[in-house]
Amino acid sequence: MKRNEKLPRAFYARDTIEVARDLLGKHLVHVCDGVERCGRIVETEAYIGAHDLASHSSKGITPRTSIMYGPPGHAYVYLIYGMHHCMNVVTETEGHGAAVLLRALEPVGPLEGSTKGPGLLCRAMGIDKSINGMDMLGDTLYIAEPSSQARFNIVARPRIGVAYAGEWAAADLRFYIEGNSYVSRK
DNA sequence: GAAAAGATCGGG
DNA sequence: CCGATCTTTTCT
Numbered sequence: 001m002k003r004n005e006k007l008p009r010a011f012y013a014r015d016t017i018e019v020a021r022d023l024l025g026k027h028l029v030h031v032c033d034g035v036e037r038c039g040r041i042v043e044t045e046a047y048i049g050a051h052d053l054a055s056h057s058s059k060g061i062t063p064r065t066s067i068m069y070g071p072p073g074h075a076y077v078y079l080i081y082g083m084h085h086c087m088n089v090v091t092e093t094e095g096h097g098a099a100v101l102l103r104a105l106e107p108v109g110p111l112e113g114s115t116k117g118p119g120l121l122c123r124a125m126g127i128d129k130s131i132n133g134m135d136m137l138g139d140t141l142y143i144a145e146p147s148s149q150a151r152f153n154i155v156a157r158p159r160i161g162v163a164y165a166g167e168w169a170a171a172d173l174r175f176y177i178e179g180n181s182y183v184s185r186k
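Under our numbering, read the first sequence as residues 1 to 186, first letter to last.
Calculated directly from the structure, the hints in this document are not laboratory data.
Cβ coordinates follow ideal geometry from the N, Cα and C atoms, glycine included.
Take these hints with a grain of salt, some might be off.
[Claimed, not checked] Restraint-style ranges between C-beta atoms, simulated for each label pair:
hint, residue 1, residue 2, range
1, Y81, E5, 19 to 29 Å
2, H84, K59, 15 to 25 Å
3, S148, R64, 32 to 42 Å
[What the hints assert, rightly or not] With a straight-line Cα cutoff of 27 Å, these simulated DSSO-like cross-link-like pairs (lysine-lysine) come out:
hint, residue 1, residue 2
4, K26, K116
5, K6, K116
6, K116, K186
7, K6, K26
8, K6, K129
9, K26, K129
10, K26, K186
11, K6, K59
12, K129, K116
Please put together the full structure from these sequences, using the hints given.
What follows is the structure in structure tokens.
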């Protein structure tokens, strides 16, 4: 089988909105207990920096957000509502505090349970807080460009669950593949 | 110390 | 619409 191409650091070290859009269609891979789990990214959200009131980084550098303020290409994973994990990829440059949340995957190969939504995505991929801070250019967790795929349209919509963020709640910073049935919400 | 709220999900 | 469930941050 043809080997997919792992995304380089430079892919993540760019404008967060561009990264969020470009991540659509890419393959997220997690090697866990010798088993490779893989899903195609179909929905993302951009959290663009300290001035974005929906972003955890808007609180400044805290123990939790230090990963977001670190170098790009690392995983930022946290527990939300006491029961669900959410996975992000750090973008831009060290000190910027931006990341892209992965919200939904289309399964590539066997995956247990739904991958439709950030909490379920992490459960199906075996992602939890032990992954927090991991470099996504290693061999355990990474994102790769698939060898080939059909062209698709990108839809931009407001982010989910950020009503507290004032004006930022309305910004079109959620992106998904038009017509894909694994997108968590229209 | 204590309290409140949260980038969610599933059940009623 | 509401409860589960627990971490992080903020307030006293």
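Quick rundown of the hints versus the structure:
no., hint, result
1, Y81 / E5: 19 to 29 Å, "36 Å, violated"
2, H84 / K59: 15 to 25 Å, "20 Å, holds"
3, S148 / R64: 32 to 42 Å, "39 Å, holds"
4, K26 / K116, "16 Å, holds"
5, K6 / K116, "24 Å, holds"
6, K116 / K186, "12 Å, holds"
7, K6 / K26, "10 Å, holds"
8, K6 / K129, "23 Å, holds"
9, K26 / K129, "23 Å, holds"
10, K26 / K186, "20 Å, holds"
11, K6 / K59, "32 Å, violated"
12, K129 / K116, "20 Å, holds"
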